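Visitor: The chain contents come next:
6 protein chains.
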Amino acid sequence: MTQEMKPETLEHLRHISTATLTTAMFKRGFRNIFMQGVRLLGRLEANMVGPATTLRYIPAREDLDHIGVFADPAHPQRRAVETAKAGHVLVMDCRGNTSVASGGEILMTRLKVRGAAGMVTDGCLRDSGPIAKMEFPTFCAGPSAPLNLIAHHAVEIDGPIGCGGVAVFPGDIIVGDCDGVVVLPAALADEVAAEAAAQEHMEAFLLTRIEAGASLRGTYPPDDATRAAYEAWKAKS
Amino acid sequence: MTQEMKPETLEHLRHISTATLTTAMFKRGFRNIFMQGVRLLGRLEANMVGPATTLRYIPAREDLDHIGVFADPAHPQRRAVETAKAGHVLVMDCRGNTSVASGGEILMTRLKVRGAAGMVTDGCLRDSGPIAKMEFPTFCAGPSAPLNLIAHHAVEIDGPIGCGGVAVFPGDIIVGDCDGVVVLPAALADEVAAEAAAQEHMEAFLLTRIEAGASLRGTYPPDDATRAAYEAWKAKS
Amino acid sequence: MTQEMKPETLEHLRHISTATLTTAMFKRGFRNIFMQGVRLLGRLEANMVGPATTLRYIPAREDLDHIGVFADPAHPQRRAVETAKAGHVLVMDCRGNTSVASGGEILMTRLKVRGAAGMVTDGCLRDSGPIAKMEFPTFCAGPSAPLNLIAHHAVEIDGPIGCGGVAVFPGDIIVGDCDGVVVLPAALADEVAAEAAAQEHMEAFLLTRIEAGASLRGTYPPDDATRAAYEAWKAKS
Amino acid sequence: MTQEMKPETLEHLRHISTATLTTAMFKRGFRNIFMQGVRLLGRLEANMVGPATTLRYIPAREDLDHIGVFADPAHPQRRAVETAKAGHVLVMDCRGNTSVASGGEILMTRLKVRGAAGMVTDGCLRDSGPIAKMEFPTFCAGPSAPLNLIAHHAVEIDGPIGCGGVAVFPGDIIVGDCDGVVVLPAALADEVAAEAAAQEHMEAFLLTRIEAGASLRGTYPPDDATRAAYEAWKAKS
Amino acid sequence: MTQEMKPETLEHLRHISTATLTTAMFKRGFRNIFMQGVRLLGRLEANMVGPATTLRYIPAREDLDHIGVFADPAHPQRRAVETAKAGHVLVMDCRGNTSVASGGEILMTRLKVRGAAGMVTDGCLRDSGPIAKMEFPTFCAGPSAPLNLIAHHAVEIDGPIGCGGVAVFPGDIIVGDCDGVVVLPAALADEVAAEAAAQEHMEAFLLTRIEAGASLRGTYPPDDATRAAYEAWKAKS
Amino acid sequence: MTQEMKPETLEHLRHISTATLTTAMFKRGFRNIFMQGVRLLGRLEANMVGPATTLRYIPAREDLDHIGVFADPAHPQRRAVETAKAGHVLVMDCRGNTSVASGGEILMTRLKVRGAAGMVTDGCLRDSGPIAKMEFPTFCAGPSAPLNLIAHHAVEIDGPIGCGGVAVFPGDIIVGDCDGVVVLPAALADEVAAEAAAQEHMEAFLLTRIEAGASLRGTYPPDDATRAAYEAWKAKS
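Residue numbers (my numbering), protein chains in the order written: chain L, 1 to 237; chain W, 1 to 237; chain X, 1 to 237; chain A, 1 to 237; chain F, 1 to 237; chain S, 1 to 237.
Just so you know, not all the hints are guaranteed correct.
Chain copies aren't distinguished; within one or between two, either way the pair holds.
SDA-like cross-link-like pairs, simulated, lysine to any residue; straight-line CA separation at most 25 Å [stated by the list, open to error]:
#1 Lys112 / Tyr230
#2 Lys236 / Pro76
#3 Lys133 / Gln36
#4 Lys133 / Ala214
#5 Lys133 / Ala46
#6 Lys85 / Glu200
#7 Lys85 / Ala228
#8 Lys236 / Phe205
#9 Lys236 / Gly29
#10 Lys236 / Gly159
#11 Lys85 / Glu8
#12 Lys85 / Ile67
#13 Lys133 / Ala187
#14 Lys27 / Ala86
#15 Lys112 / Thr226
#16 Lys133 / Glu211
Derived from the structure by calculation, the hints contain no laboratory data.
Only a predicted model underlies this, so the values are computations on that prediction, with no experimental measurement involved.
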């Protein structure tokens, strides 16, 4: 299900802001690719980037979701962690329910050891203090202590899900930075990353101009003169 | 997937309130079987009762959810309506999104003609005026005109879903009345219906006593004397 | 704790709209006397009016709030119903929690039989169909089936509470109509009722003028000429 | 600012559902023309239709919004009611604040007498009982008694506003039915009304087929055979 | 009202995560002991732990809640701060209202000087900058500047309350860490603390195994071999 | 439209907490001057202070809000940034919509270069990481990546607006600190700043007393003896 990205796409996406990506996608008619209510826990060196592996929960039912279920290694939450591929981002659909945790330190540690690129949930995380200090990108709706069995029943790995109000299909490219998380359909990732990287390169130039006192007019967006200046600058650098 | 109910269970459930059912289930440890935010549209003669057929939506994506998709008879929303069995209740998981409709008059009419027992969604319905007048039980989060493609992408029929914050598995028994909608695990339906029917029979007696001026004390809940009076009344009636 | 109202105050309040009462109270500096999120269930002949008896719930705890608690006639919910005085309105503080019911048909029937003037809760009611048809004024946040023990632990009768975001002290005068519920401090009820009744009498006259084609200017609010016309009309009628 | 509609457009719009209009607009790329959280108060014979006159409120400030302000006939709320043109719909931007009323019986009566086509607010209305019985279409977020001065400061007539999350420019065509309220840019009204009327005419035919037992497949949406049958039916009727 | 904890319980609770406590309580049937919407302000060295002293507010009323009330040393808010026992946690029931502050720097300083173990409110705090830097654990719904009199009327010290959706009885053991705040019924504190401490000890061992590359399978939860390894490790350490 | 502040008012307001300002305004009858849901992004050395320049958005419409609109230097968002006066605070009315950004790094940089005192929005900001590190005070509802055209249509500069539920008129004095943002009507700024500065000076003294072990009684609020001690301390310092 995972489509191959060009080698440079991954590298581009590590350094392109989710803001720029939403603009590039807006130009293609996509208005709903940014997860609502999902925030970075801790700090990031570079963007989190990787294809999505998905896990879906439905509301818990008291007879099904008792403490004994974790003894079964086939429990979907545990299996999702144990089978996520290196470089992938595990994305959990918690229906935006923030009353309980959808994971904790041991699961995040296992994901990190297994080489996952990060974890995203529209639910909460427990052990939020230790996780925020791990060098492993996690995005969630906030901290919460109670175990997931109180509200969540895990049902499916690698089906299509919603997370933060956005459709996520397995293999979609997930990008996270300080502003939050964007979902790129896999087939568009190469093209959008290239365009967005070019846009960011130019905006870095425009920012130096604005910092130096240039007016927005003619600079942002750039008029022909500014574009020419950028091309000259790009040629030199 | 559908478990057989005893013949009398269906009849019982047509006349037992969802209130009584939640109490019977609470005694068994179930606290979360009543859908939140889902209301009756129009009026009911008797309760809506039937096994669940499920339809799941995830958030829409602009490239996938264009007006052309309905031309495909395999589109899950249309297929769910066209394949739901007679006597079943179609239950839609709209993630509680109330910004658009998840169905309208023509689909509800087709469900009715095909013999469905009713329809439940935690999204909205369009054509709410005509639907409220149809003799077909519908429960939703309210009226809304916009077509579902703006917010919903239909993905799956007869998988486990959440609706109104409650887990719904295909074949679960769905019961709806003026207060709203309750989900009974199929395996418990016979036993719970029998117990609840007995409870309601006694409460009808208790209500006559309360109307006649009896104090709650000794009557609700009944003490031994009141229970004896009830047994005598039951024997006579 | 209940202050005596003048005999005519009760009669006035049966026919004055809560809208007019909020205006009269606004003139005295009160901005927060209308309950938010509390609606009439069913229909009203005349306003619900009476001094408040209060019942307070806190969140339920699983060990305390089991099905057995109702066997105790001293349980505060049952005692509140059984001891509310004739003519009083029972007001329940459910912290605005709408996930469960805070009462049902048997309790409402007992309140009616005991002569209560009505019932108000910022939680929900079960058996909402039958209750809506009873000739007993009830105001709530909507219908919901689950029993109160799932979310509520009753703790106190006739203490100060909040309901719908408004402070309610036992003995405060509660008035309910189609728009909702207003709380009047007992000491102000006579004065406010008299002023509001006079205001409504004049507005009835103004409405006839507006219906007859008068402009708002000079009519609403009335200028001297309109006031004189009103006085003449009042003298005649 | 008001663009002329074709004579038949007004008549079409009186009988086309807002559901059909949102679909016609979706085909043109408009996804956000249906007001969220705005409901019909009372009943409608035919749709409410008319060009928008707008009124904007900002949050109240205690020194500016005292009871004396209504003595000024130039107060924007009163002036908006007094100057709205016959056939227009007065649309109020209350920022979705439901804690107070944005109008009451006298103002609605004056609007009706002056020939307004209806009134829409994303705030609440007081005197909701009498207004629901008036033969004047009103749409609001619900009933609420407190006067608007507690939360609203009226600032502008006939500027661009938001209402129920939708942009409304003066002169936009407002259409309201059981499902709620749709806003059509004036320049599109003729074209959209014509297309939607044709669509509804065909759907009336399709509904008879569905009621007669036709499958969705081939009927909804119609295949070539069904379209031909419709054309034949249309020619006859 | 305060039950004695075993000496080691306090020490255990300083180092056990609220996550582990919710799991231990879940095993005993408690699903609702974690406060929703209540977050740590600033940083913690060790957990906040102590028996609860409670303060309850109802909605403010303009005539009662004027600036003069604080001149009265018997005002419940001031008295609660002045009488809270050393080692206790002051817990305030603000009905989750986040529009104003429920305390500020001077009150928090006084609590600290008097030896309180911390403060929890489901409302907000003002002076959030200075308080976040104090070495005094505070948990709240966020920062907010306005004084409490705008929204809160203090009514009772050491009654049962709700805070963050959880029942709190005076003397209940309050534990707060990075994830938030848990409420333990006093009678269960010793037993739960002991069990949770043992669980955390084992999880520390399991985490080292996971960090070293062990699969979840057999490790989390531990199978017999892992448990034996843990026992050996425990015996040595 | 901007009223002159006394020279010392600006200096006072840089060091007075928004908490103290809300109390001073409460004494004058103002209860709603603190923006709800608007938080500091990053850190502040001293308070943000300046007269308001306003920008108003209404909901976006797909035909009007396409990517091309920024090419027009007269676009209100760009013009607001380009024309805001030095020392002013740009305040944006985003109707509390947090689904998209209302600005980003380049616009904030331009505002800073142009000498603006800060920026406030009840929407979100993109590029939240870089902005949080800029030495330019920004207050918003949180980070969000999508461009404003998805949800916002800019319509007006320097009209009256609502922001965070508070009325803002151009020229009102905006003050922001760790707790959030307060709006002072320009005509009251001098008087309120002087009173609040005096209050804070005394509270600094009271805090030293509380830290030294003084009881709230007699200290906070101060009795005559404490006031005398404060006057003596003030005379010395």
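Visitor: Mind listing which of the numbered hints don't hold for this structure, in increasing order?
Guide: 2, 6, 7, 9, 10, 12, 13, 14
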